[in-house]
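Participant: This is what each chain is made of:
2 protein chains.
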Amino acid sequence: MIQNFTYYNPTKIVFGKDTISQLSDLISKEEKVFLVYGGGSIKRNGVYEQVMRALDKYKIVEFSGIEPNPQYSTLMKAVELGKSEKITFILGVGGGSVIDGIKFISAAMEFEGKDPWDILAKHVPLTKAIPLGCVLTLPAAGSEMISNSVVSRADTKEKLFFSSPLVYPKFAILDPQTTFSLPAEQTRNGIVDAFVHVTEQYLTYPVNAPLQDRQAEAILLTLIEEGPKVIRRPDDYEARANVMWCATQALNGLIGCGVPQDWTTHVIGHELTALYGLAHGQTLAIVHPALLKHQQESKSDKLCQYARRVWNIEQENEKELREKAIAKTEEFFQSLGMQTKLKDYGIGDENFEFIASRLVKRRAKWGEREKIGKKEILQILRLCL
Amino acid sequence: MIQNFTYYNPTKIVFGKDTISQLSDLISKEEKVFLVYGGGSIKRNGVYEQVMRALDKYKIVEFSGIEPNPQYSTLMKAVELGKSEKITFILGVGGGSVIDGIKFISAAMEFEGKDPWDILAKHVPLTKAIPLGCVLTLPAAGSEMISNSVVSRADTKEKLFFSSPLVYPKFAILDPQTTFSLPAEQTRNGIVDAFVHVTEQYLTYPVNAPLQDRQAEAILLTLIEEGPKVIRRPDDYEARANVMWCATQALNGLIGCGVPQDWTTHVIGHELTALYGLAHGQTLAIVHPALLKHQQESKSDKLCQYARRVWNIEQENEKELREKAIAKTEEFFQSLGMQTKLKDYGIGDENFEFIASRLVKRRAKWGEREKIGKKEILQILRLCL
Chain A
1 MIQNFTYYNP TKIVFGKDTI SQLSDLISKE EKVFLVYGGG SIKRNGVYEQ VMRALDKYKI
61 VEFSGIEPNP QYSTLMKAVE LGKSEKITFI LGVGGGSVID GIKFISAAME FEGKDPWDIL
121 AKHVPLTKAI PLGCVLTLPA AGSEMISNSV VSRADTKEKL FFSSPLVYPK FAILDPQTTF
181 SLPAEQTRNG IVDAFVHVTE QYLTYPVNAP LQDRQAEAIL LTLIEEGPKV IRRPDDYEAR
241 ANVMWCATQA LNGLIGCGVP QDWTTHVIGH ELTALYGLAH GQTLAIVHPA LLKHQQESKS
301 DKLCQYARRV WNIEQENEKE LREKAIAKTE EFFQSLGMQT KLKDYGIGDE NFEFIASRLV
361 KRRAKWGERE KIGKKEILQI LRLCL
Chain B
1 MIQNFTYYNP TKIVFGKDTI SQLSDLISKE EKVFLVYGGG SIKRNGVYEQ VMRALDKYKI
61 VEFSGIEPNP QYSTLMKAVE LGKSEKITFI LGVGGGSVID GIKFISAAME FEGKDPWDIL
121 AKHVPLTKAI PLGCVLTLPA AGSEMISNSV VSRADTKEKL FFSSPLVYPK FAILDPQTTF
181 SLPAEQTRNG IVDAFVHVTE QYLTYPVNAP LQDRQAEAIL LTLIEEGPKV IRRPDDYEAR
241 ANVMWCATQA LNGLIGCGVP QDWTTHVIGH ELTALYGLAH GQTLAIVHPA LLKHQQESKS
301 DKLCQYARRV WNIEQENEKE LREKAIAKTE EFFQSLGMQT KLKDYGIGDE NFEFIASRLV
361 KRRAKWGERE KIGKKEILQI LRLCL
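Chains as they are written, first to last, in the numbering used here: chain A, 1 to 385; chain B, 1 to 385.
Any given hint could turn out to be false.
Identical copies look the same in the list; a pair holds intra-copy or inter-copy alike.
Okay, derived cross-link-like pairs now, DSS-like style, lysine-lysine, Cα gap no bigger than 30 Å in a straight line [to be verified]: (1) LYS361 x LYS319; (2) LYS371 x LYS17; (3) LYS170 x LYS328; (4) LYS365 x LYS17; (5) LYS170 x LYS374; (6) LYS29 x LYS343; (7) LYS324 x LYS32; (8) LYS57 x LYS343; (9) LYS59 x LYS324; (10) LYS59 x LYS29; (11) LYS365 x LYS229; (12) LYS371 x LYS77; (13) LYS29 x LYS375; (14) LYS374 x LYS122; (15) LYS86 x LYS229; (16) LYS17 x LYS293; (17) LYS114 x LYS229.
Rather than coming from a laboratory, the hints here were simulated on the basis of the structure.
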């Protein structure tokens with residue numbers, strides 16, 4: 001049966017061509033703006049200039065250098081600068097890493113506990129946070145319209161998350177044109193990320209939530225249709241727009257309303273990123289097919305529905321139906337140019353024991369049925385080889 | 001091409017069994033609550049009691065008697081009472097009429113102009129409004145998660161709307177159990193209302209917005225599947241839950257993002273309600289098939305897509321495809337027990353000229369292509385006979 005749920009998402013989305021100029025309508029003139037971005041791609045593709053033009057009447061303090069999988073140490077430097085400059089609003093310009101990063105900066109700047117790491121490690125509830133907004137330049141993580149944030153820590157090789165309604169972006173500007181200049185690798189990582197965000201919430205077990213199922217299938221079908229277009233033609237505005245909106249809808253809470261969720265692919269993937277520096281999308285393209293193969297009996301009903309409705313596979317035998325759907329998924333990732341095996345990156349089983357042990361320390365059993373323990377994680381990892 | 005859009009919806013949805021008890025977490029203890037409801041059905045079905053139990057620590061002022069198609073004169077009485085009692089929060093318990101009503105009360109209580117009717121007639125922008133929340137008992141209008149409100153005025157036989165982000169409900173509690181006791185007539189009016197909310201945003205012309213299209217189809221397919229179940233078994237919790245969530249999703253702004261919208265069926269329907277007192281859903285079931293027949297060439301691409309994806313009609317000839325889809329739509333309404341012709345209510349063409357004249361005075365051309373003028377409205381009305 002459909003579960004009780006709460007849905008709350010106050011982020012204002014401003015979507016479309018040349019929307020960055022609307023920044024000055026979205027941020028009050030009194031704010032001292034903390035402009036936070038990544039490695040500087042926004043200076044090469046003109047986005048930085050558009051932002052600065054829109055904010056020419058504002059006091060701005062800049063912080064650049066947020067890396068992919070934003071690092072705790074980097075973010076803490078931003079926290080210090082933000083405090084000493086007494087900034088009042090944080091504007092992140094970039095992809096999921098920048099936006100996840102500013103959520104942590106926002107929370108840590110107002111954190112009253114001893115160690116801001118506890119926001120992530122102990123999920124200490126927040127009481128206040130600096131307001132924030134963003135200009136999204138990479139559709140993937142869905143961070144622009146959710147209250148979650150994932151932060152990495154190099155010294156302990158950890159990648160942890162926190163969530164608080166206080167760090168919902170006040171607004172997110174989505175101009176598909178900003179994504180024309182993305183490297184192909186980031187484009188395909190983004191498509192896989194959005195796709196797996198959906199399947200983590202959809203490929204579980206049925207609870208008679210037909211609207212949520214179809215809303216999930218809507219995103220998957222659209223990504224399958226539009227994803228290859230943006231790989232072929234990076235400046236196809238309409239395809240870019242459709243992929244961008246899919247990525248936001250994939251992780252804004254809507255399709256997860258009242259349904260069981262998995263997220264095992266993500267937690268195993270985060271370990272691979274923390275240990276080997278693989279991009280998030282790269283880890284998902286490896287782990288997800290392996291997880292589906294391993295869990296195919298437990299996920300049988302939804303995998304069969306997925307096979308029929310998303311991949312149009314006509315087949316009576318449930319086992320064949322599932323297997324074909326999983327194969328189609330893996331082929332789709334490959335068609336975008338993704339690798340789907342650890343060996344493609346020269347990675348072996350050397351850390352499997354470490355990964356499995358660490359994950360079951362955080363939670364004994366993972367997955368929507370809470371039946372994935374250490375043994376199962378090791379089996380899934382072996383299927384990734 | 002997909003149009004630029006802004007999407008903002010801060011209403012918190014609390015969905016599921018026995019959720020009314022959460023009211024005390026949603027309204028601050030300091031508030032003086034204005035409890036507003038309709039004709040008293042909530043006293044018969046136990047909802048009133050649940051609300052009062054949840055609010056037993058609050059100061060409450062009650063106002064009952066909001067009628068279907070809430071009347072300006074009634075709402076102005078509530079405004080007076082609310083002001084004299086200095087209420088600080090409005091809680092509406094009921095369906096779309098009650099929730100539309102409290103939005104107007106909220107706006108009018110803080111209105112600083114001379115005549116509150118101007119909120120509706122002149123769309124005077126609001127600067128403040130009393131915060132409000134709701135417990136929904138009738139899935140239909142979608143008022144629980146949108147900033148629109150429609151108010152009727154008996155003396156001038158008008159039915160007008162206003163919209164402001166200030167009147168988004170802070171929260172909406174959706175407990176499907178509250179809908180078990182709905183009369184069959186209200187249940188089917190609600191299903192038709194939700195269905196036509198979707199088609200007004202979907203059956204227009206394509207702009208290459210495949211996600212929005214599929215999100216719309218998701219709601220239609222679910223209503224077609226679950227609607228008949230709630231007619232057959234009024235206490236089927238799961239079907240009631242699915243219909244309820246469909247009705248909210250049908251009109252919360254999401255499926256309308258970046259796509260053209262029609263709403264001609266609604267404005268003609270409002271006239272029939274204002275003149276003859278037909279329920280809103282009853283008017284839509286009559287006007288919508290007529291409008292689709294009249295506009296079938298202009299809407300051909302989307303009607304064919306609708307035929308194939310929603311009704312599974314396999315057919316090459318576009319004209320036949322469209323006609324079959326329109327016939328299926330009308331049959332679906334009839335299968336729920338709806339009448340689909342004016343003559344079923346003993347109504348003739350006596351007011352057609354008046355309706356058409358009044359509508360083109362408000363706007364010269366209606367519809368997503370702005371090509372429906374007086375002549376076309378008269379033709380559509382004749383198809384309603």
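Participant: Now tell me if each hint is right for this structure.
Facilitator: Hint check:
| no. | hint | verdict |
| --- | --- | --- |
| 1 | LYS361 x LYS319 | neither (33 Å within a copy, 63 Å between copies) |
| 2 | LYS371 x LYS17 | between (46 Å within a copy, 27 Å between copies) |
| 3 | LYS170 x LYS328 | neither (38 Å within a copy, 43 Å between copies) |
| 4 | LYS365 x LYS17 | between (45 Å within a copy, 28 Å between copies) |
| 5 | LYS170 x LYS374 | neither (40 Å within a copy, 43 Å between copies) |
| 6 | LYS29 x LYS343 | neither (53 Å within a copy, 59 Å between copies) |
| 7 | LYS324 x LYS32 | neither (54 Å within a copy, 60 Å between copies) |
| 8 | LYS57 x LYS343 | neither (52 Å within a copy, 63 Å between copies) |
| 9 | LYS59 x LYS324 | neither (56 Å within a copy, 61 Å between copies) |
| 10 | LYS59 x LYS29 | within (9 Å within a copy, 39 Å between copies) |
| 11 | LYS365 x LYS229 | neither (39 Å within a copy, 37 Å between copies) |
| 12 | LYS371 x LYS77 | neither (40 Å within a copy, 59 Å between copies) |
| 13 | LYS29 x LYS375 | neither (56 Å within a copy, 50 Å between copies) |
| 14 | LYS374 x LYS122 | within (22 Å within a copy, 65 Å between copies) |
| 15 | LYS86 x LYS229 | neither (45 Å within a copy, 58 Å between copies) |
| 16 | LYS17 x LYS293 | neither (41 Å within a copy, 35 Å between copies) |
| 17 | LYS114 x LYS229 | neither (49 Å within a copy, 56 Å between copies) |
The structure does not agree with the numbered hints 1, 3, 5, 6, 7, 8, 9, 11, 12, 13, 15, 16, 17 stated previously, though it agrees with the rest.
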